[in-house]
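Just so you know, the sequences run in chain order A and B.
Numbered by the numbering used here, the letters in the first sequence go through residues 1 to 226 in order.
Numbered by the numbering used here, the letters in the second sequence go through residues 1 to 288 in order.
Accuracy of the hints is not assured; some may be wrong.
Estimated spans, in silico, between C-beta atoms of each pair [stated by the list, open to error]:
#: 1; chain 1: A; residue 1: F177; chain 2: B; residue 2: Q217; range: 26 to 34 Å
#: 2; chain 1: B; residue 1: P51; chain 2: A; residue 2: H221; range: 47 to 55 Å
#: 3; chain 1: A; residue 1: M82; chain 2: B; residue 2: Q217; range: 18 to 26 Å
#: 4; chain 1: B; residue 1: R11; chain 2: A; residue 2: V165; range: 29 to 37 Å
#: 5; chain 1: B; residue 1: K153; chain 2: A; residue 2: L49; range: 26 to 34 Å
#: 6; chain 1: A; residue 1: L200; chain 2: B; residue 2: R11; range: 37 to 45 Å
#: 7; chain 1: B; residue 1: A68; chain 2: A; residue 2: N195; range: 23 to 31 Å
#: 8; chain 1: B; residue 1: T148; chain 2: A; residue 2: I48; range: 20 to 28 Å
#: 9; chain 1: B; residue 1: R282; chain 2: A; residue 2: F177; range: 46 to 54 Å
Derived by calculation from the structure, the hints in this document are not laboratory data.
Predicted model, so just to flag it, every value in this text is computed and none were measured.
Every residue, glycine too, gets a C-beta built ideally from N, C-alpha and C.
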Amino acid sequence: MKRTVPLIITFIVGTLLIVAAFVPHYPFDKWNNDFNEFFNIIQAFAFILGGANLMRMHGRRLVERGAGAFYSGVCLAGFLGMMTVGLFKLGNPAGLTGDVDVTGSWFEIGYRYLFSPTSATIYALLAFFIASASYRAFRAKNTEASLLLVTAMVILLGRTFLGPVLTGWLPPSLSFFEISNLASWFMSVPVQAGNRAIMLGVALGIVSLSLKVILAIDRSHLGDRG
Amino acid sequence: MSGFRLPEIDRRLVFAIVAAVVVFPIFFRLSLPEVPSTIVMNVFDSVESLPAGAMVLMPMDFDPGSEAELQPMARAFVRHCAEKKLRITFLTLWGTGSQMIERVTKDVLIPEFPDYQYGRDWVNLGYKPGMESVITVILNDLKKTFPTDVSGKNLDDIPLTRDVRNLRNYNLILSVSAGYAGTKEWVQFAGDPGQIPVAAGMTAVQAPLNYPYYPRQLKGLLGGVKAAAEYESLLIKKYPRYEDQQKYRFEALTRMGPQTFAHLAVIGLILLGNATYWINRRAAQGGA
């Protein structure tokens, strides 16, 4: 019973959603919307679960004073601090009934002056690591690496004004070889083809796995490892 | 005895070079000319072809981490839509997206277009969790998931949204996104099933993943600061009032200076890395 009921629910919901995708008429369209509403409600619970999990993980690390305990402390302080300020609208000039992120509120200040610059800084650090990695990784050691190197150079030049400047003098009959056009070609032909192949493969994989779950062949979502 | 060898550059020196080439154009405010590409022009034309009063949905699915790359696009889109007198609906599927909407409206829409009225010309629906399932629901019923705007006002009391039933009432979805949920989901769950035209702006790393949808499911796309700068140059060309660069800030064009120099530095480092590799390999073979 403990296993059969979830399997029956999975089968009914899965089958209904598949039918609804191909029959967008009443009552299937309504059921489709209702199931998506259920999903949104369930996802709201995931926030609570996620928060609790974060507290448990980092709380344990902090209590045990293991590696990275300091960072866990910073993470928990940030999480609890912003959550308290947001939930109780502390320091909010508009009061309890106003928007949580009204200008001048502590929540908005925390977002603007802590979260925003920190996120931007971490993202910006990528530029340094990419430059360092490019120096070490893009080396023409074999044919494949050489192709990657040439592509990278064309894309890099094509993403700057130098692309058109360097090859803008080419006659119209050779315009394909202008760096900006070559960069566009790389993006719209080989990259597109490769991505489409990956996407189709992934989609077929998802279809196969979904059918296995709906037909109860794969029961891993119930904790079955077999 | 082995031959001449080049030493590997220390990582810290690479970092110092990158810092120098990025800071230099910022200090000297170097701005470079931009030649718009077809894919960018297609986004521009998608907006340009809409009649005044047409409905545009602008999902802002990004966070402060990608703001430097995407906020210029968002601002360019907003300027363009407001110039065309289109009616804009903002929303976000990212918890951090509300502030992105607020920033673009406070910095661009309200000060530059004082005639643009909230509720009549634009509305902000704010954030809703649920990713693509939100899209699926609002494709058929907008008010089921968004009964109110961000300030809690009922959508039936707002002139712009009063007669809107679902996403099919929109003429264009102009997505600005940095990942999941983003442009891909808007194409898959709204644009395609609802036959709604979608155009988008996204981070440079995300662009290759969305190329497969271009040009049929995605009218055009902007990938990274370079494409945003191209869009800005099109905007300046079409609407001459933007030539006053003291009054109007076009951030992507400004940021192309540091990006171009950084790219040149990376190209230089790649060439140097290859020279080091080949010289050292030859030296090793000679010494073997």
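**Study point:** Assessment of proposed distance window 18 to 26 Å (beta carbons of M82 of chain A, Q217 of chain B)
**Key:** About 38 Å separates the Cβ atoms of M82 of chain A and Q217 of chain B, which means 18 to 26 Å is violated.
Review point. Does the hinted range 20 to 28 Å hold for T148 of chain B and I48 of chain A at CB?
Key: 23 Å, holds
Review point. Do the beta carbons of A68 of chain B and N195 of chain A sit within 23 to 31 Å of each other?
Key: This hint holds: roughly 25 Å between Cβ atoms.
Point to revise | Hint check for F177 of chain A and R282 of chain B - Cβ pair distance inside 46 to 54 Å | key: With Cβ atoms ~31 Å apart, the hint is violated.
Point to revise | Outcome of range test on Cβ distance (F177 of chain A, Q217 of chain B; 26 to 34 Å) | key: Once the Cβ atoms are compared, 30 Å apart, the range 26 to 34 Å for Q217 of chain B and F177 of chain A holds.
Check your understanding: Is 26 to 34 Å a correct range for the gap between the Cβ atoms of K153 of chain B and L49 of chain A?
Key -> 32 Å, holds
Check your understanding: R11 of chain B and V165 of chain A, beta-carbon distance inside 29 to 37 Å?
Key -> 31 Å, holds
Practice item. Given the hint of 47 to 55 Å, check if P51 of chain B and H221 of chain A actually sit that far apart at their C-beta atoms. Key: 49 Å, holds
Check your understanding: When you take the CB atoms of L200 of chain A and R11 of chain B, is the distance between them in 37 to 45 Å?
Key -> At 40 Å between Cβs, range holds.
Checked against the numbered hints above, the structure violates hints 3 and 9; every other hint is satisfied.
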